[in-house]
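*Asks:* Going down the list, the protein sequences come from chains A and B. Quick note on numbering: our numbering labels position 44 of the first sequence as 44, and the sequence is numbered without any gaps. Quick note on numbering: our numbering labels position 112 of the second sequence as 112, and the sequence is numbered without any gaps.
It is worth saying that the hints were derived from the structure and are not from the lab. Glycine included, each C-beta is placed from N, C-alpha and C at the ideal position. Do not take every clue at face value.
[As the list claims (entries may be wrong)] Which stretches of chain A does chain B cover? Using the computed rule of at least three CB atoms under 8 Å from a CB of chain B, they are:
#1 54-60
#2 129-137
#3 227-233
#4 398-408
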Amino acid sequence: MKILVMKFGGTSVATAESRNTSAMRVVSAREQGYSPVVVVSAIGRKGAPYATDTLISFLKEVDPQVNPHPRELDIMMACGEILSSVVFAHTLRSLGYPAVALTGLQAGIRTDENFGSARIAQIDASHLHKLIDDGKIPVVCGFQGYFDDASGVNGEITTLGRGGSDTTGSALGAALKAEAVEIYTDVDGVKTADPDYVENAPTLRKVTYDEVAEIAHLGAKVLHPRAAEIAMRYNIPLYVKSTFSDAPGTMVVRREDFPGRRVTGVTHTGKLVYLRLNLSSMPDKDRQQIEQRIYDVLAAHGANLFMLSLSPTGTGFAVPRSQFPMVESLLNGLVLPVEGEKKTVYLMQIGAVATKAVETQARLLEPLGPLPRIKVEVVESCTMVSIIGHEYLQQPGILLRAIQTLHEAQIPVLQTTDSEFSLSCLIPESETRRAVYLLHEAFNLSDIE
Amino acid sequence: MSKHDFEIRPGVNKVEVRHGQAQAHIFDLPNPVMDERLRVLKAVADAAINIDFLKLTTNGLAFIVDESDEKRVKETLDTAGVKSEVWAGVSIVLVHAVNMRDEEGLIAGIVKQAIDSGGKVTHIGDMHDRLLLVVDTESADRMAEQFRKTLIEVAS
Chain A
1 MKILVMKFGG
11 TSVATAESRN
21 TSAMRVVSAR
31 EQGYSPVVVV
41 SAIGRKGAPY
51 ATDTLISFLK
61 EVDPQVNPHP
71 RELDIMMACG
81 EILSSVVFAH
91 TLRSLGYPAV
101 ALTGLQAGIR
111 TDENFGSARI
121 AQIDASHLHK
131 LIDDGKIPVV
141 CGFQGYFDDA
151 SGVNGEITTL
161 GRGGSDTTGS
171 ALGAALKAEA
181 VEIYTDVDGV
191 KTADPDYVEN
201 APTLRKVTYD
211 EVAEIAHLGA
221 KVLHPRAAEI
231 AMRYNIPLYV
241 KSTFSDAPGT
251 MVVRREDFPG
261 RRVTGVTHTG
271 KLVYLRLNLS
281 SMPDKDRQQI
291 EQRIYDVLAA
301 HGANLFMLSL
311 SPTGTGFAVP
321 RSQFPMVESL
331 LNGLVLPVEG
341 EKKTVYLMQI
351 GAVATKAVET
361 QARLLEPLGP
371 LPRIKVEVVE
381 SCTMVSIIGH
391 EYLQQPGILL
401 RAIQTLHEAQ
411 IPVLQTTDSE
421 FSLSCLIPES
431 ETRRAVYLLH
441 EAFNLSDIE
Chain B
1 MSKHDFEIRP
11 GVNKVEVRHG
21 QAQAHIFDLP
31 NPVMDERLRV
41 LKAVADAAIN
51 IDFLKLTTNG
61 LAFIVDESDE
71 KRVKETLDTA
81 GVKSEVWAGV
91 SIVLVHAVNM
101 RDEEGLIAGI
111 VKQAIDSGGK
121 VTHIGDMHDR
131 LLLVVDTESA
141 DRMAEQFRKT
151 LIEVAS
């Protein structure tokens with residue numbers, strides 16, 4: 001039996017018309033001899049009446065000061081996919097096909113106990129197999145699973161975190177030993193750049209699991225890296241396709257099956273704030289202790305760091321703009337007593353001008369003696385543009401070409417970072433569109449296949 | 001069957017060390033610094049030397065090369081007439097963690113552990129499934145061991 005897992009994202013199930021188009025793809029797969037297993041996201045994207053964010057807002061509106069309990073939050077978030085699966089199953093039934101809506105629990109997706117970001121521990125696919133054997137089309141809720149807690153409560157609902165429906169699709173593909181997993185979205189596949197920034201950016205016919213995971217890691221939203229990881233681990237062919245066109249889409253394959261191309265694409269990350277700490281004037285021992293404490297505090301509060309740098313003169317990192325107020329409140333006015341050659345108390349100051357809070361702190365600590373300031377330079381409104389590729393990026397001249405392209409266009413490069421698969425430059429956010437376009441042209445990505 | 005059989009365990013799951021790198025640090029470049037940085041990169045590219053972990057510093061830049069290129073890169077930088085230091089005995093510690101970006105605070109936590117270990121970290125890069133730290137070879141294995149103890153064994 002040829003099983004095909006077909007995952008439909010929010011825009012593919014947003015309206016009756018799009019659900020019908022999606023359902024017809026399922027019908028077509030069945031008529032081609034496949035046994036389709038459907039996975040659905042919640043209906044619509046942010047702002048839509050049954051989208052996950054809307055459901056969360058019901059709880060947040062009760063009292064914005066009180067965070068919903070993670071368990072209840074997961075139950076609430078799971079409702080979006082439950083609703084979507086029932087409507088989609090009914091759409092298929094109305095077309096004359098025997099579809100059955102299933103929750104994550106009913107599909108046998110057991111997870112760990114981490115509400116909000118659960119990992120799949122095991123999938124018992126027996127019920128799904130039975131439905132398939134009976135000629136039914138299972139329509140499974142993406143993004144959710146369950147666990148039985150030690151105290152005997154069975155079927156606690158969990159959600160899988162960001163990209164959870166892609167993860168469900170890949171995981172079911174692996175558990176069912178499917179012929180393939182098809183991820184349906186509103187774009188033709190994985191593109192060489194954001195088509196909003198590069199008109200006619202080509203769709204890549206093939207990419208490796210690693211490439212697509214790196215593309216997602218560095219900003220593109222087309223497929224969640226976790227789904228790619230699972231497909232790679234279980235060697236399940238994965239396709240990214242458009243619900244709304246017959247374009248062949250992108251096939252995601254193992255690296256052995258596709259040696260890849262030199263440069264795969266250009267991505268851009270969202271809004272970042274870059275913080276640079278000048279620690280050059282203090283003894284090494286002091287600097288090390290200060291860096292330790294700062295990163296300890298940032299880790300404890302879940303700061304998501306980009307563009308990290310450590311050097312004898314200081315350290316720097318970028319954080320998403322949404323996290324900057326939290327980071328600012330943690331570091332501005334932070335008092336750091338350090339046991340070096342002598343005991344020194346440092347005071348951190350975010351920005352060139354001290355806030356009242358920092359001045360008050362300084363005044364209160366005056367009896368301790370001199371209070372050296374660690375001034376943190378803040379560069380707001382940054383973004384990260386990245387070139388994704390293979391080892392080619394380390395070849396002579398590639399970094400030069402990337403930086404030179406931006407420099408010649410008078411786009412300031414504030415920092416760079418690179419890895420085996422990517423080269424990233426931190427630039428002013430206002431230059432994102434130009435930078436993506438120029439890098440795309442510099443590496444001839446318009447001609448890619 | 002363990003709880004994490006189906007998906008790879010969240011957090012750090014493997015630590016590796018790659019030895020055999022050399023660090024180049026170019027400093028005190030005259031203004032305009034970016035033009036000078038590009039001139040240095042061009043000289044290195046013309047010499048057909050692979051570089052990695054490029055970082056911009058206040059008045060210069062830094063990168064690593066394969067240890068076998070240490071001498072050539074030093075000669076190239078000298079010929080370019082820039083102030084530089086090139087030293088071998090550099091390693092890369094690779095800390096593997098799936099989807100590390102999704103785990104808030106994980107990257108900062110690894111950096112904190114790296115500093116705790118006393119190793120001299122000169123550069124950090126990240127990929128979807130790993131953090132790469134450039135450190136002196138002397139402390140690389142010690143740092144890796146500390147990561148294994150604090151980030152893998154504790155989580156097990």
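*Asks:* Work down the list of hints and note, for each, if the structure agrees.
*Replies:* Hint check results:
1. 54-60: violated (count 0)
2. 129-137: Check failed, 0 qualifying residues.
3. 227-233: It holds, with 3 qualifying residues against the three required.
4. 398-408: holds (count 5)
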